[in-house]
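Chains as they are written, first to last, in the numbering used here: chain A, 1 to 63; chain B, 64 to 250.
You may find that some hints are simply not true.
Label pairs and their computed distance ranges (CB to CB) [stated by the list, open to error]:
1) B/231 with A/35: 51 to 59 Å
2) B/240 with A/41: 25 to 33 Å
3) B/231 with A/41: 40 to 48 Å
4) A/7 with B/121: 36 to 44 Å
5) A/23 with B/196: 35 to 43 Å
6) A/42 with B/199: 41 to 49 Å
7) B/98 with A/63: 19 to 27 Å
I should point out that these hints are in silico values taken from the structure, not numbers from a laboratory.
Each residue gets a CB set at the ideal place from its N, CA and C atoms; glycine is no exception.
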Amino acid sequence: MFEPKIKIGKDLYATLKKAADVAGYSSVDEFILHILETAAAEVEQAQSEEEVRKRLQGLGYIE
Amino acid sequence: MITIVSGLPRSGTSLMMQMLQAGGMTVLCDEKRPADEHNPRGYLELQKVRSLEKDNSWMPDAEGKVVKVVSLLLYHLPAGFEYRVIFMRRDLDEILRSQERMLEGLNQPGGPMRETMKQHFAKHLDSLAEWVTRQPHVKIIDCPYADLVVSPDSTARTVVDFLGVDLDIEKMIETVDPALYRQRNER
């Protein structure tokens with residue numbers, strides 16, 4: 001099965017490894033996946049709230 | 064204590080406001096949004112609520128009363144007050160159909176496809192429900208619109224218990240007219 005991979009610089013990897021150790025993650029991969037999933041969810045949430053906002057404005061419920 | 068009736072537009076918030084008013088609660092509203100074909104008995108809204116994000120200076124006027132606040136604006140309820148929120152829940156497909164009809168009447172763009180908008184609303188409601196659990200000054204009760212129309216007596220008693228106030232339950236029940244349950248899903 002195709003597993004996409006992302007390249008990152010050595011310095012950033014080292015920083016992330018340190019942070020993953022401090023935060024108690026079992027691996028850098030696990031830490032990065034968690035960060036990316038959290039970031040993607042936040043973007044999706046913000047997009048949803050923006051669409052809700054537009055709808056409520058259209059209906060005259062918020063300015 | 065401030066009573067808030069909240070939910071998505073077209074979820075039955077106006078009906079709940081009418082019930083509480085009939086039961087004897089003082090409603091904080093103005094006449095800026097008159098009754099229309101979508102809400103023949105009136106919206107019972109306060110126009111200042113629309114700009115709650117920018118100006119909440121009027122909130123002390125709501126003490127001891129009930130005011131309607133649309134779901135997205137609950138995040139902006141100012142601290143320093145105790146809130147009891149009656150949150151209206153209604154089938155999202157029914158809500159969306161009703162909203163689309165209302166948008167047409169207002170000559171507003173329809174926005175995303177219905178299924179997409181449904182997902183946005185679902186995420187919004189989930190996020191809001193999670194947020195409420197972290198607000199010690201907000202107590203909330205879910206009130207399903209379908210149950211309200213079918214069993215107004217049960218809903219009225221539940222709401223009165225939740226608020227802990229003495230309201231005329233019979234008059235609250237009389238407010239509910241099942242004929243106004245439009246956009247209903249076939250079950």
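Right, here's what the structure says about each hint:
1. Checked against the given bound of 51 to 59 Å, the beta carbons of residue 231 of chain B and residue 35 of chain A, roughly 55 Å apart, stay inside it.
2. Distance hint check for residue 240 of chain B and residue 41 of chain A: the Cβ-Cβ separation is about 42 Å, which falls outside the suggested range of 25 to 33 Å.
3. In this structure the hint that residue 231 of chain B and residue 41 of chain A lie 40 to 48 Å apart at CB holds, the actual value being about 46 Å.
4. For the pair residue 7 of chain A and residue 121 of chain B, the supplied restraint of 36 to 44 Å is violated, since their beta-carbon distance comes to about 54 Å.
5. Take residue 23 of chain A and residue 196 of chain B: their Cβ atoms lie about 25 Å apart, and the range 35 to 43 Å is violated.
6. Checked against the hint of 41 to 49 Å, the pair residue 42 of chain A and residue 199 of chain B fails, with Cβ atoms roughly 25 Å apart.
7. Residue 98 of chain B and residue 63 of chain A have their C-beta atoms about 22 Å apart, which keeps the hinted 19 to 27 Å range intact.
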